[in-house]
Structures are given as structure tokens and as C-alpha cells.
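*Asks:* Chains as they are written, first to last, in the numbering used here: chain A, 3 to 440; chain B, 37 to 205.
Derived from the structure by calculation, the hints contain no laboratory data.
Hints are supplied without guarantee of correctness; some may be wrong.
Coverage of chain A stretches by chain B, computed from C-beta distances (three or more under 8 Å per stretch; other residues unrestricted) [as the list claims (entries may be wrong)]:
{"#": "1", "region": "161-167"}
{"#": "2", "region": "242-250"}
{"#": "3", "region": "323-333"}
{"#": "4", "region": "337-348"}
One side only, chain B facing chain A, incomplete, derived with CB under 7 Å [to be verified]:
{"#": "5", "residue": "His67"}
{"#": "6", "residue": "Arg72"}
{"#": "7", "residue": "Phe109"}
{"#": "8", "residue": "Ile111"}
{"#": "9", "residue": "Thr116"}
{"#": "10", "residue": "Phe118"}
{"#": "11", "residue": "Asn119"}
{"#": "12", "residue": "Ser135"}
{"#": "13", "residue": "Ser137"}
{"#": "14", "residue": "Leu138"}
{"#": "15", "residue": "Leu173"}
{"#": "16", "residue": "Ala174"}
{"#": "17", "residue": "Cys176"}
{"#": "18", "residue": "Gly177"}
Just so you know, even glycine gets a beta-carbon here, dropped at the ideal spot from N, CA and C.
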Amino acid sequence: MSRGPLLFKDIDTPGLAALETYRAGGGYETLAEALGKRSPDECIEIVKASGLRGRGGAGFPTGLKWSFVPKQTTKPKYLVCNADESEPGTFKDRELMEKNPHLLIEGIILSAWAIQANTGYIYLRGEFDYIQRILDRAIADARTAGLIGANVLGTAFRFERYTHLGAGAYICGEETALLSSLEGYRGQPRLKPPFPAVEGLYACPTVVNNTETLMNVPHILKHGAAWYRQWGTEKSAGTKILSVSGRVKRPGNYEVPLGLPLSTLLDEHCGGMRDGLAIKAVIPGGSSVPPLPASMLSTGLDYESMNAAGTFLGSGGVIVIDDQTCLVDALWNITRFYEHESCGKCTPCREGTYWMSEVLERLEHGHGRESDIGLLEDVADNILGKSFCALGDAAAMPVQGFIQHFRAEFEYHVAHRRCMVNRRSAEIESRWGEAVRA
Amino acid sequence: MSAPVVSIESAAPPLEWPAARRAEVDDALSHYPLRRSAVLPILWIAQREWGWISPAALRLVARTLELPEPEVFGIATFYTMFNLKPIGRHHLQVCMTLSCSLMGADRLFSHLESKLGIGHGETTPDGRFTLRRVECLAACGGGPCLQAGLEYHEHLDEAKVDALLEKLK
Chain A
3 MSRGPLLFKD
13 IDTPGLAALE
23 TYRAGGGYET
33 LAEALGKRSP
43 DECIEIVKAS
53 GLRGRGGAGF
63 PTGLKWSFVP
73 KQTTKPKYLV
83 CNADESEPGT
93 FKDRELMEKN
103 PHLLIEGIIL
113 SAWAIQANTG
123 YIYLRGEFDY
133 IQRILDRAIA
143 DARTAGLIGA
153 NVLGTAFRFE
163 RYTHLGAGAY
173 ICGEETALLS
183 SLEGYRGQPR
193 LKPPFPAVEG
203 LYACPTVVNN
213 TETLMNVPHI
223 LKHGAAWYRQ
233 WGTEKSAGTK
243 ILSVSGRVKR
253 PGNYEVPLGL
263 PLSTLLDEHC
273 GGMRDGLAIK
283 AVIPGGSSVP
293 PLPASMLSTG
303 LDYESMNAAG
313 TFLGSGGVIV
323 IDDQTCLVDA
333 LWNITRFYEH
343 ESCGKCTPCR
353 EGTYWMSEVL
363 ERLEHGHGRE
373 SDIGLLEDVA
383 DNILGKSFCA
393 LGDAAAMPVQ
403 GFIQHFRAEF
413 EYHVAHRRCM
423 VNRRSAEIES
433 RWGEAVRA
Chain B
37 MSAPVVSIES
47 AAPPLEWPAA
57 RRAEVDDALS
67 HYPLRRSAVL
77 PILWIAQREW
87 GWISPAALRL
97 VARTLELPEP
107 EVFGIATFYT
117 MFNLKPIGRH
127 HLQVCMTLSC
137 SLMGADRLFS
147 HLESKLGIGH
157 GETTPDGRFT
167 LRRVECLAAC
177 GGGPCLQAGL
187 EYHEHLDEAK
197 VDALLEKLK
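The following block holds chain A by itself, in its conformation from the complex (with noise of 0.2 Å):
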């Protein structure tokens, strides 16, 4: 059964990593014709008709990012995957990579044609060790096949592109702070302007993609950007691969065309909650952007519906939250989480994410203040919108989100100095032998 209508159609084919397999489907027939056919120009313009927005969470039009690498450089160009993967609650690029590599390679020449980069770096998170050595041997097939090198199927555009493993930073997911890793710097941010499409890696022109939005190109260039448009919306189209994790029945990636509500997601294609759960909050993109609370679950899933439900899609991670866990420990976790990996750079980051973490462990452990609410909030605003990158506001979202929608549960923990869910019971302790029965 296909379990998605594009990225995931074939992916669970056997041996579709292997670069015959992949051809045999179709593959590279793309990479041939645009390289005979069709203009840089004409790429950008087919990719901006088609209405890609980038798929690792800021959704910023890919077509348009392309547009801003100026034309008349002597400076080499790159082009940067971004496959760092690291927001909690995303899992989709890594099923991507190790199951269809050579469609990300594809995408990538095709992208760096489409802006005339000669080299490509794929910026993994270090965890994903195996999947370099997929990629590594699906590069080498590539540059045997003639795909990559000094002339690409036989043409004058010369293309080099090289695998680089991160060490464990969860910043080094945003754009600048990849770029200064990969330079050998630490993995801290930069600020923006410059934007990288004019002085990135290296100072010189470069475009930062993610996984998922690279492997849609050569399917765009393929069948058009009217075709493309058969999925989604007007402002969000085609798929999305959303990654589902929590005690919904059957989580997983699953591939949907952008718009669908997020309840037929979590009640048709995860078979609902697991027996006995009832939904309490739904977190729709990424640890980061603000939760849902069950009565908002007939939101579309796609960028505006979730703006103008004061969240965001984001990188499509979605965690589903159980009514038998308790919300300031869930938040608790989610701050610890920025609080680790905040890059230390920015003072409103640095600490403020730590005195979130200190105020919602005491919260948590039944010591709160009355007061401690509002110096949740205090702290968040204070975050928000003022460091260099957007870990602090990925830190500060969360906390507004879950208590402006779940107020009362923190004001309970303050008031009976304990959960309003007894998250220590037997049921509870025991949850983790059913992945067995998963």
C-alpha cells in the first residue's frame, strides 16, 4: 500500500536505495533533461510557479530563496542540505535518507544547478552516523554513474558534493549556526543580514535547504508546477511529511497533502489514541511552536490555518500529549531541552531558558509560588523576539502556548502542590512495556 501520494509513494520499495533500483523508477530521468533543456532561470521560475515553501520549519518560499543568489559573482556558490534533523519531534528526513537517498541527491544537482553551485555539503546530525554511510556509498555509485563530477551527464556543469557529520548541537540545525560549524567554527549564530543567499558559507553565496524540500524538486521539475498544485492549498502547497509521535496506536511519518485536518491525521491515518487515552494537547510542529488543545484539532494542517490558530506548522513534528500526562511536566522537559542546548551566545537565551527549567521544576515538585505564573510569562516575553537566533523563541512559544491554553493545571500544581493527573501511578509506571504489544 502507498503510504503517501509523492515522497512516500515508493518508498517502501526493496532496494530503492540501490542506484539501478532508482533508476529503473524514473530516476535522474529529470537531472537529464534539465541539464539538456531547460535554464537555470527557468528552474527558479518552475519551483516558485509551483509554490514550495521550505520543509525544515520556517516555511520561507523556496523558489524565492533560490532568486536572491546573485547572478553576476566571481565567488563560488554552495548548496547546503540541511539534514540535522534536530527538532524534538521530527523523524522524517532520517526515513527519507536511509530509504531513498539518490532522490535527495537528485534534488540536490538539480537545486545547484537551478542557482549554479559547483559544491554541495549535506549537513547530518551527528546521531545519524548510518545514514552517512548510506549516502556515502549512494555518492560514490553517482560519481561512477557520471551524475556527479566535472561534467555531469556529459555536460560542462561541474558538481562535487560531500557528506559532513555534526557531534550532537541541536543549533546547528539553524542556518548560520550550520554554516559556522561546517566552516569548523563552533556551531553558533550569525546575524542575519547577511542572509547566506549572499554571504554565507565561507562568505559566499549559499542556500540552506532542508531534507524534505530539496527531495520535492525533482518532482516538481519533473511534472510541473500546475501538478504540484494538486495537493495542498492556494498558500501552502503539496505534501507534508508529518512525523507523529505519542500514544497514538500506530505513530510514525505519514505524507499528506498540506490543508488536511490534523484530526483525520491523528484518527485515520494513527487509528487514534491508544485504548483507554483521550487526546489533552496535540503539539503540531516541533517541540517548539505552541500546543493545540483537543477542542482546536480540526485545524488544517498547513501553514496559514496553524498561524491563525496561533501555532505553527513548522518542521511537522507532531507530539500528541495524553490526558494522563501532566502539562507542567511536559513543559518542564521541552524547557530542559532548550535550556541544554541554548549555544550560550545570547543572554535573554542563555538565562532565561535556565530560569524557565528552574521555576517549572519547582513548579512541578509541588514548591511553586503564586506568583510563579506570571514570572513564566515575564521571562518568556522577555526571550522572545531578542537573541540572535530562533532558539529563544523556541524556548519562549512553548510556555505561553501551554499556559495560555492550560492555565488552571499550573494554577493547580500551585495550589495542591501536585499534578492534576497523578502521573505516578501504577498505570503510568508501567506504560513503557507497551511498546510491546505497539
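Based on the hints, put chain B in the right spot on chain A.
*Replies:* Just chain B now, with coordinates in the frame of chain A:
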């Protein structure tokens, strides 16, 4: 009389790359227009060779990259995956972030603690296991999960963890 001041670092004999690793190092250097950009790949090569980044290994990496040693130390400490102290043969890194926590990561971790008799950041006396809490591993749909070294183990339950410990000698 006070003991002579001999730092462990200066006492360690200088390291050299074994031939096979030297080839890997040269390959890594060829990927970038700037020599220092190979710092992460070369730190990884050192860790693969020696299991951890010892002061002597750090010095070798710095020499290879033609960078000052403190500069490389600053980079190595920025990232969480480089072991700046020796670790056990099997490095168990348990994801504690939200999705895994919802699936019982706390229980998984306490099970490992009591089974191995060690806590976070500790190594068993026989040098077999090091246990560590880590943040999100991008395996949220397979929670609770852990990485043993760089290998993923997902959808864990008590029986699976026990079988895994048995397998890792």
C-alpha cells in the same frame, strides 16, 4: 617536600595517525577549501580510533589542522558527542526528550540504572557500559529509544533492553 609537578598531558607520548586513519584524514581535508573545516570529521576519526578524545589525540588533531590546541578544545567541548574522558565499551545514550518521555523514558532509564548499578555519566567497573541521558535522537516515533554507540534501538521494553544488554559484551 612536595611532589614534582608532572601533568598527565605532558607525560602522554605524542600520538600519530595509523596509516589507514591517515588516509581518512587526508580524504576529509580534501572536502573543504579551508583546512579548519575538517575539524569535526577529524575529531570523529580520532574518536573512532581511540574511543575518546584524549589530550594527546586533541593535540594531534590540532597539529593536523594547523590550529592552536585551545581552539580545537573549544570546538570539541561545544558538541556533546565527543568523549573528552574515557568511556565504557558500550555507550548507552537514552533519549529523555518529550516524545520518549511520554512513552516511558524515565522507566527505561531507571531500569538501566538498577540493572547496571550506575547512574548518568558513570561507567561500570568492568568498563563494559557507560550510561547517559541525552536529548532528542530523532527517533520520536520509536520511543522509548536509545543509541548504543551510534546504533539505534527503538520501541524498547524491558525484555528488549535486557536482550540488548546480554548481546553487548
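*Asks:* Next item in the hint list is B:Asn119. Is there a CB on chain A closer than 7 Å to its CB?
*Replies:* violated, 11 Å
*Asks:* If you take the shortest Cβ to Cβ gap from B:Cys176 to chain A, is it below 7 Å?
*Replies:* Given a least distance of 4 Å, the restraint on B:Cys176 holds.
*Asks:* For the hint on B:Leu173, does the least C-beta distance to chain A fall short of 7 Å?
*Replies:* holds, 5 Å
*Asks:* Mind checking the CB of B:Ser137 against every CB in chain A and telling me if the closest is under 7 Å?
*Replies:* holds, 5 Å
*Asks:* At a Cβ distance under 8 Å, does chain B reach at least three residues of the region 242-250 of chain A?
*Replies:* Result for this restraint: holds, n = 5.
*Asks:* Against chain A, with CB atoms and a cut of 7 Å, does the hint on B:Arg72 hold up?
*Replies:* holds, 4 Å
*Asks:* Holds or violated: is the Cβ of B:Phe118 closer than 7 Å to a Cβ in chain A?
*Replies:* Since chain A brings a Cβ to about 6 Å from B:Phe118, closer than 7 Å, the hint holds.
*Asks:* Please verify that hint: B:His67, Cβ, nearest Cβ of chain A, below 7 Å or not.
*Replies:* holds, 4 Å
*Asks:* Quick check: the region 337-348 of chain A, covered by chain B? Criterion 3+ residues, Cβ under 8 Å.
*Replies:* holds (count 4)
*Asks:* B:Leu138 was flagged as interface toward chain A. Is the shortest Cβ-Cβ separation under 7 Å?
*Replies:* holds, 5 Å
*Asks:* Taking the closest Cβ pair, is B:Thr116 under 7 Å from chain A?
*Replies:* holds, 4 Å
*Asks:* Please verify that hint: B:Ile111, Cβ, nearest Cβ of chain A, below 7 Å or not.
*Replies:* holds, 6 Å
Violation of the numbered hints given earlier is confined to hints 7 and 11; the remaining hints are satisfied by the structure.
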